[in-house]
Structures are given as structure tokens and as C-alpha cells.
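Asker: Going line by line, the protein sequences match chains A and B. Heads up: the first sequence runs through residues 1 to 108, numbered per this note's numbering. Heads up: the second sequence runs through residues 1001 to 1240, numbered per this note's numbering.
In short, the hints are calculated from the structure, not lab data. Hints are supplied without guarantee of correctness; some may be wrong.
[What the hints assert, rightly or not] Not the full set, but computed from the structure, chain B residues with beta-carbon under 10 angstroms of chain A:
no.: 1; residue: Gln1018
no.: 2; residue: Ala1067
no.: 3; residue: Leu1102
no.: 4; residue: Leu1124
no.: 5; residue: Leu1160
no.: 6; residue: Ala1169
no.: 7; residue: Ala1217
In this text the structure is predicted, and so the values were computed from the model without any measurement. C-beta: ideal position from N, C-alpha, C; glycine also.
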Amino acid sequence: MDDRTAFLTIAAMAAVTYATRSGPLLFLAGRTLPPAAIRFLAHVPAAVLAALSAVALLRPEGRFDAGPGNLILWAGLIAFALALRTRGFFGPVALGMALVAAGRWLGM
Amino acid sequence: MSARGSTAAPPPGGLARQALARSLPIALGYVPVGMAYGVLAGKAGLGAVNVLAMSLLVYAGSAQLVAVGLFAAGASALSLVAMTFAVNLRHLLFSAAMAPLLSGWRKRELAAFAFELTDETFALHAARFGRGERDKALTLSINVAAQAAWVAGTALGVVLGDVLGDGRAFALDFALPGMFLALLAGQLKARSHVAAAVAGAALALAAAHFGAGGAGALGAGLAGAACGFGVERWMTGRPS
């Protein structure tokens, strides 16, 4: 794909991405949602972040892997435990990266 | 943070500093992931301008990393756009969830906010607004600072591509899952949130097993949130 076609493709990718981000926000602006809908939406972050985390941890190479060689999984669980305990953000991410990098350096 | 529970505007001259401080945890995660994207996009044959253009215009980590693989495989423009749409479908939920929190905003302000609505900025703002931190200028500035970190990471990846290899030795591929996990930990405030998370995770794995792709995250998110909502109603003794 030449540079011009690649750029036009990227512009189209940007347009569909923006549609998913702006559509509900603009459509629902100024409307009063029922309390039940608001309570439902309050559970969206946990559900979606857990969905993304589970796939990233247990399918790091695109197939299910819960074995001892899955460094992303084990480092992720340790980082998650730290995040639950401290409610910190960068510390758990940095710890997980250090564990994965160390594991690979050691040939695990 | 001093602004906890406050709806007042930040002090003059303090807006940029506050935005940088609030976005710092995200920025520290975005830089390594952005570097990984920059490295891989360069190796996939994209020119430096297009590598940066994707981070400026699309600004969606998961979708960009998927797209890099498709560019490298010589996929068609249509399949790239379709896959980007599928991977980003979950943003529909984020956008809908933010709508009640931004009820007083003008349309053009909402349009600007939506451009930089990512997994991470959504989780950050949902938590901030839950604490009563609703300053508009600060909210938009945090988004700009976060995207600046993403673009800076991308640029570093482009420049350091030859040094970093594929970035695995530096565990750059852990940064994105690590951010998801840290954000998730901050969302587990009640048993109903735990129920939503467990259901979302299980359904996402099942969907991935059956090759549902990006739509799987949307479906798992919807069903998981419904499960958490049901548990909340059950625990408070109200009929669903």
C-alpha cells in the first residue's frame, strides 16, 4: 500500500473510531436517562476492563494459555494484586513490566 | 488530590500542571505502549508520517496494534477500516456511560471530549466525576496531555525502532494489559462490580475462543454490566 492510500485508510479508520466515541455521547446529550440505565452504565467500566484484561492475560498470543510459561499472565496477576492493595496505577504497571522483562532475560 | 470533591475551576496557571499531574499515570503507561506501536508500525512498512498520523487521528492503542499487523500482512483498506470499527465498538459503551456525567456540556465540547475518549481516559474521568471533580477545562486538558504522551511514545518508537527490536525484551507488550488491570482494580468498589468483572472476563474469553473479535468485548461488556446491575438490584432487594 503506498503512502497516500495508507493515509486515506488511516483517515477512514479515524472516522469510524470517532463515530463509536461520539455517537452515544452526542445523541444522549441533554436527555435524562432512567435511574436503572444509569446504574447499568455504572457497571460498564468493570465489565469491559475485565473483558480486555482477561483476553490480554490468558490469550497473549491469540490462543488460550494458562501455563507456567505465560509471563504476561503471572506478572499480570501479581501487578493486579498490588493494584488492588494500593489502588496505585504506575507502580503495578512498572512492577509487571519489570517481572516480564526479568523473566524473559532469565529465559523463562 | 486537592480538588477531590470540588467543582471549582483550577487556580490560574495551575491548569496545565494539574492536567499533567492527573494524566501522569496514564502517560507513564502510554509512552511504552506508544513506543511498541511506533516500533512495530515502522517494521510493518508504514512511513513515519503515517505512523504518527495514526496516533494523532485514530488514537486507539488496541486498534492501532491490530492495524499494524494487518498493514504488514498487506490487508485491504476496507478490511483495515472494518477491523478498526469492530475493535473500537466498546467505545459505544464508554460514550453512553459518560453521557449522564457530561449532561451540562455543549455539543462542541462533547465533540472535542469524544475525540480523546479511550479506555484509560474513560476510567480516569468516570472515577473523577464520581468524586465530584467536574471541571470542564481540566477534563479536556487531561485528555490532551494523555494523547500527547501517546504521540510522544509513538515518535520515540519510530526513532528508536532499531534499538528496541520488537520491544519484548523491555516488556513493552505488558504495558497495555498492565494498564487495563490497574484501571480495573480501581473500578471494583462493590460486590456488584466484581460480579460484572467476572462475568465480563468469562464471556470475553468464551467470545475470543469462538473468534468473535472486537465485537466480543462489546458483547461481554454489555452482558457483564447487566450481570453486575442484576446483582446490585438483588442485593438491595429491588426487583430487576
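Asker: Against the earlier hints, flag every one the structure doesn't satisfy and list their numbers going up.
Answerer: Going through the list in order, the structure violates hints 1 and 5 and respects the others.
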